[in-house]
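Residue numbers (our numbering), protein chains in the order written: chain B, 9 to 143; chain R, 9 to 143; chain V, 9 to 143; chain A, 9 to 143.
Bear in mind the hints are in silico, worked out from the structure with no lab data behind them.
Don't take each hint at face value.
[As the list claims (entries may be wrong)] Not close to chain V: a few residues of chain B, all C-beta gaps over 12 Å, as computed:
(1) 33
(2) 34
(3) 38
(4) 42
(5) 46
(6) 55
(7) 79
(8) 86
(9) 94
(10) 110
(11) 126
(12) 133
(13) 134
(14) 135
(15) 143
[To be verified] Think about it this way: if two alpha-carbon atoms lie no more than 25 Å apart in a straight line, the pair counts; the simulated SDA-like pairs of lysine to any residue are:
(16) B:80 with R:92
(17) B:104 with B:40
(18) V:137 with A:143
(19) B:137 with V:127
Since the structure is predicted, the reported quantities are computational estimates derived from the model, not experimental observations.
For every residue, glycine included, the Cβ atom is placed at its ideal position computed from N, Cα and C.
4 protein chains.
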Amino acid sequence: MKSPAEIVSTMMEKDEFSRFLGMTVAEITEGYCSLSMHISENMTNGFGIVHGGISYSLADSTLAFVANSRGKKCVSIDTSITHLASVQSGDTLLTKSTEIHYGKQVAVYLVDVFNQNDKRIAHFKGTVKISENSW
Amino acid sequence: MKSPAEIVSTMMEKDEFSRFLGMTVAEITEGYCSLSMHISENMTNGFGIVHGGISYSLADSTLAFVANSRGKKCVSIDTSITHLASVQSGDTLLTKSTEIHYGKQVAVYLVDVFNQNDKRIAHFKGTVKISENSW
Amino acid sequence: MKSPAEIVSTMMEKDEFSRFLGMTVAEITEGYCSLSMHISENMTNGFGIVHGGISYSLADSTLAFVANSRGKKCVSIDTSITHLASVQSGDTLLTKSTEIHYGKQVAVYLVDVFNQNDKRIAHFKGTVKISENSW
Amino acid sequence: MKSPAEIVSTMMEKDEFSRFLGMTVAEITEGYCSLSMHISENMTNGFGIVHGGISYSLADSTLAFVANSRGKKCVSIDTSITHLASVQSGDTLLTKSTEIHYGKQVAVYLVDVFNQNDKRIAHFKGTVKISENSW
Chain B
9 MKSPAEIVST MMEKDEFSRF LGMTVAEITE GYCSLSMHIS ENMTNGFGIV HGGISYSLAD
69 STLAFVANSR GKKCVSIDTS ITHLASVQSG DTLLTKSTEI HYGKQVAVYL VDVFNQNDKR
129 IAHFKGTVKI SENSW
Chain R
9 MKSPAEIVST MMEKDEFSRF LGMTVAEITE GYCSLSMHIS ENMTNGFGIV HGGISYSLAD
69 STLAFVANSR GKKCVSIDTS ITHLASVQSG DTLLTKSTEI HYGKQVAVYL VDVFNQNDKR
129 IAHFKGTVKI SENSW
Chain V
9 MKSPAEIVST MMEKDEFSRF LGMTVAEITE GYCSLSMHIS ENMTNGFGIV HGGISYSLAD
69 STLAFVANSR GKKCVSIDTS ITHLASVQSG DTLLTKSTEI HYGKQVAVYL VDVFNQNDKR
129 IAHFKGTVKI SENSW
Chain A
9 MKSPAEIVST MMEKDEFSRF LGMTVAEITE GYCSLSMHIS ENMTNGFGIV HGGISYSLAD
69 STLAFVANSR GKKCVSIDTS ITHLASVQSG DTLLTKSTEI HYGKQVAVYL VDVFNQNDKR
129 IAHFKGTVKI SENSW
């Protein structure tokens, strides 16, 4: 059976978009994941602050890694995100996951996104379907 | 007062990320927005299918444009997305918005995301805060 | 195989809470459900308007009936509701469902809740897990 | 200025539905609320287990009390609930709130719902609009 780090390493190889955005794995254990990412200039939205898709993508990758860390392949069903503070070009974001539930078929995780000043900038919730296929 | 097309044009100038991903405005009128986007190879996730952050970002930009199309500046509060079918590299995505509510302080929109075969691949809901500032 | 009306009739027999609140089935067909309910005096919240749990419960029952109307037993996973206008004691609420997706394992429905003046007072989204058990 | 307990006491007087369902305040301080509720026989749904509207209503009242505990009147915008385990007639439910964010105009809370065996049966998230009116 693969370790959480091996699973995420395998996923990261295929995960062109997470690498493209510059995400790096700060921590991965069974049931916990933390990702980091530096915000560059081409990530702003129509208000000149960082696009909501950036913090969503970072949180969604965190969800994918933590949900799969337990060895079963999981795919996302429902996700929601609340944007709490604006992000600026030049910021560095860090995610922290919380495992709310890991059942037979469904798991639920929270992902909080912080900036370099430890300010929470977004709160994310994700529900995944646990398949019977192992990594 | 600026027209919806003028507002979105002004937003698009600042919206580095939407342009970076290759989003184009298919239609914008007061209370309606449709965006289009071609999926390239660097948009996959750890399963080799397209990252959920891509369809989220496209839907979130659609939300931003349609919510601001009525002339008042709006910022996103809560958004959620349900992924319904996988997206492949090479696909072309198209969004269609539905205005559920435009009140005094809060507005609610749905955004459906379709692929080139008219298959719905994601369903998105967004709640925005309507500010008193005009475009 | 049972008809949608037969399935909902069977469910309603066990559904003490929906009957307790006075819900009645306005329409049930395969993939569509509409419920009606009169608001009584003991349904207010701490602001003296109707408790959010009332419109949620009505929408959630609508979800349960429409999701099960296709013959497979379905249980709710994630639901969300946006409250758009206040409801008063004496109002009559009516729901209308929209089937967004009915896949192999997951289905997604919207439920809009209207008052007696056709004003939309809440918008609800529900994701259900489709089991292999038939009614 | 009223204390959290005074605010919730004032709200509970008007909150016919929470009293009707038998909710009691286990704890209320600034930024925290815990409610308790016994499940009776008339709270089941079409599967004979407890209706999702019950745990939603309990979580929604918890949200209302904790959000208003800081002295400003708050109304719910978006709420979502994930049902994690079934509830039976005879169970006793207990909620615990977590304050994620309390900003200038918007606040976000999580509410976890547990049964008498400390098993988490639902996870709820609520976003509220903070008004300028004090209690």
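Holds or violated: are the alpha carbons of residue 137 (chain V) and residue 143 (chain A) at most 25 Å from each other?
Answer violated: residue 137 (chain V) to residue 143 (chain A) is near 42 Å, above 25 Å.
Take a quick look at residue 46 (chain B) and tell me if its Cβ sits farther than 12 Å from every Cβ on chain V, holds or violated.
Per Cβ check, residue 46 (chain B) is outside 12 Å of chain V; nearest 32 Å; holds.
When you look at the beta carbon of residue 135 (chain B), is every beta carbon of chain V farther off than 12 Å?
violated, 5 Å
Outside-interface status for residue 79 (chain B) - nearest CB in chain V farther than 12 Å:
holds, 20 Å
Grab the minimum beta-carbon distance between residue 143 (chain B) and chain V and tell me whether it stays above 12 Å.
holds, 20 Å
Does residue 80 (chain B) pair with residue 92 (chain R) here, judged by a C-alpha cut-off of 25 Å?
Satisfied, since the Cα-Cα distance of roughly 20 Å is no more than 25 Å.
Determine whether the non-interface label on residue 55 (chain B) survives the test: each CB of chain V must be over 12 Å from its CB.
holds, 23 Å
Nearest-CB test (12 Å) between chain V and residue 110 (chain B)
holds, 14 Å
Checking a non-interface call: every C-beta of chain V should be farther than 12 Å from the C-beta of residue 33 (chain B). Is that right?
holds, 27 Å
Compute the least Cβ-Cβ separation between residue 34 (chain B) and chain V, then decide whether it is above 12 Å.
Non-interface label stands for residue 34 (chain B): nearest chain V Cβ at 28 Å, farther than 12 Å.
Quick one: work out the minimum CB distance from residue 134 (chain B) to chain V and report holds if it exceeds 12 Å, violated otherwise.
Given a closest Cβ separation of 10 Å, the condition is violated.
Are all C-beta atoms of chain V more than 12 Å from that of residue 42 (chain B)?
holds, 24 Å
Hint compliance for this structure: hints 8, 12, 13, 14, 18 and 19 are broken, all remaining hints hold.
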